[in-house]
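Novice: For reference, the chains in residue letters:
There are 2 protein chains.
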Amino acid sequence: MPPPTTIKVALAERSYPIVIGSELLGRAFDWSPYFGDSLGDSTCLVVTNTTVAPLWLDGLKTTLRDRRAASIALPDGEAHKSLATAATVIDKLADLHAGRDATVIALGGGVVGDIAGFAAACYMRGVGFIQVPTTLLAQVDSSVGGKTGVNHPQGKNLIGAFHQPKVVLIDTATLQTLPEREFCAGLAEVIKHAAIADIGFFGWLESNMAGLRKRDPGLLAHAIRRSCEIKASVVAADEREQGRRALLNFGHTFAHAIENSLGYGEWLHGEAVAAGMVMAARLSDIGGDAVERLSVLIDSAGLPIEPPRIGAGKLRAAMDLDKKAQAGKLRFVLLHELGRAFVTGDYDASRLAEVLTRAA
Amino acid sequence: MPPPTTIKVALAERSYPIVIGSELLGRAFDWSPYFGDSLGDSTCLVVTNTTVAPLWLDGLKTTLRDRRAASIALPDGEAHKSLATAATVIDKLADLHAGRDATVIALGGGVVGDIAGFAAACYMRGVGFIQVPTTLLAQVDSSVGGKTGVNHPQGKNLIGAFHQPKVVLIDTATLQTLPEREFCAGLAEVIKHAAIADIGFFGWLESNMAGLRKRDPGLLAHAIRRSCEIKASVVAADEREQGRRALLNFGHTFAHAIENSLGYGEWLHGEAVAAGMVMAARLSDIGGDAVERLSVLIDSAGLPIEPPRIGAGKLRAAMDLDKKAQAGKLRFVLLHELGRAFVTGDYDASRLAEVLTRAA
Chain C
115 MPPPTTIKVA LAERSYPIVI GSELLGRAFD WSPYFGDSLG DSTCLVVTNT
165 TVAPLWLDGL KTTLRDRRAA SIALPDGEAH KSLATAATVI DKLADLHAGR
215 DATVIALGGG VVGDIAGFAA ACYMRGVGFI QVPTTLLAQV DSSVGGKTGV
265 NHPQGKNLIG AFHQPKVVLI DTATLQTLPE REFCAGLAEV IKHAAIADIG
315 FFGWLESNMA GLRKRDPGLL AHAIRRSCEI KASVVAADER EQGRRALLNF
365 GHTFAHAIEN SLGYGEWLHG EAVAAGMVMA ARLSDIGGDA VERLSVLIDS
415 AGLPIEPPRI GAGKLRAAMD LDKKAQAGKL RFVLLHELGR AFVTGDYDAS
465 RLAEVLTRAA
Chain P
115 MPPPTTIKVA LAERSYPIVI GSELLGRAFD WSPYFGDSLG DSTCLVVTNT
165 TVAPLWLDGL KTTLRDRRAA SIALPDGEAH KSLATAATVI DKLADLHAGR
215 DATVIALGGG VVGDIAGFAA ACYMRGVGFI QVPTTLLAQV DSSVGGKTGV
265 NHPQGKNLIG AFHQPKVVLI DTATLQTLPE REFCAGLAEV IKHAAIADIG
315 FFGWLESNMA GLRKRDPGLL AHAIRRSCEI KASVVAADER EQGRRALLNF
365 GHTFAHAIEN SLGYGEWLHG EAVAAGMVMA ARLSDIGGDA VERLSVLIDS
415 AGLPIEPPRI GAGKLRAAMD LDKKAQAGKL RFVLLHELGR AFVTGDYDAS
465 RLAEVLTRAA
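Sequences listed follow chains C and P, in order. The numbering used here puts the first residue of the first sequence at 115, with every later residue one more than the last. The numbering used here puts the first residue of the second sequence at 115, with every later residue one more than the last.
Where hints are given, some of them may not hold.
Which copy? The list can't say, so a pair holds if one copy fits it or any two copies do.
Unchecked claim - Distance condition first, Cα-Cα at most 30 Å in a straight line; then the derived DSBU-like pairs of lysine-lysine:
1. Lys122 x Lys443
2. Lys280 x Lys270
3. Lys428 x Lys175
4. Lys206 x Lys280
5. Lys175 x Lys328
6. Lys122 x Lys280
7. Lys175 x Lys122
8. Lys270 x Lys206
9. Lys443 x Lys206
It should be emphasised that the hints constitute simulated quantities derived from the structure, not laboratory data. Since the structure is predicted, the reported quantities are computational estimates derived from the model, not experimental observations.
Could you put together the complete structure from these sequences and hints?
Specialist: In structure tokens:
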């Protein structure tokens with residue numbers, strides 16, 4: 115078992131480490147630098163869900179040694195990512211008489227992290243927050259960058275806050291219990307990070323996808339680490355998403371259209387992003403075998419490379435809604451080449467029409 | 115009518131101006147630097163309450179000229195400063211399909227500003243926010259500094275965010291319609307600012323209290339301006355209340371105990387702060403006529419200089435609760451002398467007992 119590695123997300127006084135290793139849960143861990151107290155007596159609340167709790171809550175509590183921690187298990191699923199659920203976490207903190215030195219630990223996937231992080235951001239205008247992501251998607255994407263939030267009937271993540279964690283602890287062992295479809299969906303974001311920023315990593319993924327699919331701990335640790343490094347460097351350059359951070363939306367304009375058209379939950383987000391990346395690559399004016407390589411890698415990750423057959427008109431309508439929400443401008447992340455992306459509102463409309471007709 | 119004056123709250127990229135004048139509402143105002151768009155077509159939502167709307171909503175809309183603005187009138191009163199009310203503001207923004215370039219304008223007192231600011235902080239992780247405070251308390255205190263939030267059954271302002279406005283527009287004309295008791299409560303915070311930071315301003319208040327009580331526009335403009343300057347300089351040095359900002363809590367440890375013991379709403383916050391400042395001055399180990407001068411000034415502002423007769427034991431118990439919430443340390447803001455305050459956890463316990471017995 116290789117020792118854990120640590121990378122740093124550089125955000126001035128909000129900088130924090132991401133610790134990546136195998137079998138970290140179930141053993142003591144030195145959390146002391148990340149709590150708001152010196153005596154170990156501040157309130158600690160673990161927020162998890164009913165699926166993850168039986169698997170990993172005891173293991174997390176072992177890492178805390180003799181520090182007492184309360185816990186709350188939320189119902190599982192995106193349907194519960196609501197202001198009402200976040201309010202139950204806040205109620206729990208209030209019931210515990212948590213002070214400003216309190217810490218909220220999110221143990222679970224992206225939904226748990228988003229809700230717990232938003233509650234931590236709002237309680238007393240911000241208390242400590244720690245992420246222990248247990249899905250691949252959360253480990254390589256949602257636990258890094260400080261975005262927290264909940265859904266509103268009118269839109270995903272419409273209510274939220276930027277709230278950086280004090281530390282992210284990633285135990286690759288948690289991936290062994292992850293359902294196959296969810297695991298593959300997480301790989302979509304790994305591929306995305308390679309495609310926008312690192313052709314070397316892209317090549318490494320081509321060589322090692324079979325081993326990753328078998329969830330080899332060493333390969334997982336490398337893929338997660340490189341993904342987090344890429345996301346961390348983009349976030350460090352643009353914490354509040356004014357510009358460069360939009361690169362992380364590669365494939366997402368199409369993915370949102372797919373998800374909106376199908377209804378959320380029909381395809382997993384990662385699946386929609388997978389097909390969306392192929393569409394974005396097709397829209398990019400690049401020659402060579404880039405589109406082909408991307409498609410092959412995505413396919414080998416067990417992910418779709420074509421949009422669902424719902425009709426170009428429906429996708430187009432969904433994109434127009436998105437456009438309206440963004441003050442009239444539809445923006446895409448396109449590729450100069452594999453490993454080098456850019457954001458643009460200037461795209462070839464007839465090429466877009468072509469890309470969409472694949473969904474007809 | 116003197117021309118409006120502008121002071122600046124210096125918070126790096128979150129810096130913003132406070133514009134103070136008389137009869138600004140009802141006339142065109144150049145808001146363009148403070149909206150998130152250039153075309154004047156972004157969503158603008160005015161959040162006000164049912165008391166203020168009939169008085170000032172039309173006047174505010176006149177300042178906006180031909181920019182279209184939606185509005186929502188919340189029920190009046192602290193009892194409605196809840197997450198549920200904030201959610202109605204968020205619902206309204208969602209119904210309007212407001213984008214990231216949207217602006218929320220708070221028109222009203224501290225409650226309206228706190229709710230509207232929190233909704234603006236959370237909607238899409240933060241949209242534009244403008245404060246148009248219409249009470250003296252909001253003009254000299256709550257509209258400056260970026261604290262937003264709502265109450266929880268377990269505590270005041272337990273849910274919130276730091277979210278700085280783009281601009282604060284203060285029209286002293288709005289004070290002409292303010293009930294006497296609320297007006298005087300606002301004077302408590304003006305006196306507080308003088309007592310902690312500016313003996314010259316304290317003397318000016320002693321000389322001009324009679325005119326202020328008559329709501330002379332010129333005197334009001336000066337008092338508001340100097341108050342905002344003092345608060346702005348403290349906030350600029352410590353935006354997130356790690357240290358120096360605590361000076362603004364002069365009188366507040368006692369005030370919270372009074373409010374908690376009486377039940378919130380019995381005394382206005384400013385009234386509790388008034389009596390609390392005299393108590394804090396008594397607890398300060400200062401000679402001369404400082405306590406006397408402070409008491410006389412507070413009395414001349416139509417405010418109480420003694421706590422309600424609820425018994426020292428009850429006040430003490432309320433303070434002990436506060437102490438627990440603050441991780442075991444009761445902290446006071448005390449005076450070196452009038453105009454110079456400091457924060458300390460090191461106070462004379464027998465002197466505190468004496469101060470509290472006045473409430474017996």
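Novice: Give a verdict on every hint.
Specialist: Status of each hint after checking the structure:
1. Lys122 x Lys443: Neither, since 34 Å and 34 Å both go past 30 Å.
2. Lys280 x Lys270: both (25 Å within a copy, 26 Å between copies)
3. Lys428 x Lys175: neither (48 Å within a copy, 39 Å between copies)
4. Lys206 x Lys280: within (21 Å within a copy, 34 Å between copies)
5. Lys175 x Lys328: For Lys175 and Lys328, only the intra-copy Cα distance (28 Å) is at most 30 Å; the inter-copy one is 63 Å.
6. Lys122 x Lys280: within (11 Å within a copy, 33 Å between copies)
7. Lys175 x Lys122: For Lys175 and Lys122, the Cα distance is within 30 Å only inside one copy (24 Å; across copies 48 Å).
8. Lys270 x Lys206: Both, since 24 Å and 16 Å are each at most 30 Å.
9. Lys443 x Lys206: Cα proximity of Lys443 and Lys206: across copies only (23 Å, versus 42 Å in one copy).
Going down the numbered hints, you'll see the structure goes against 1 and 3, while the others check out.
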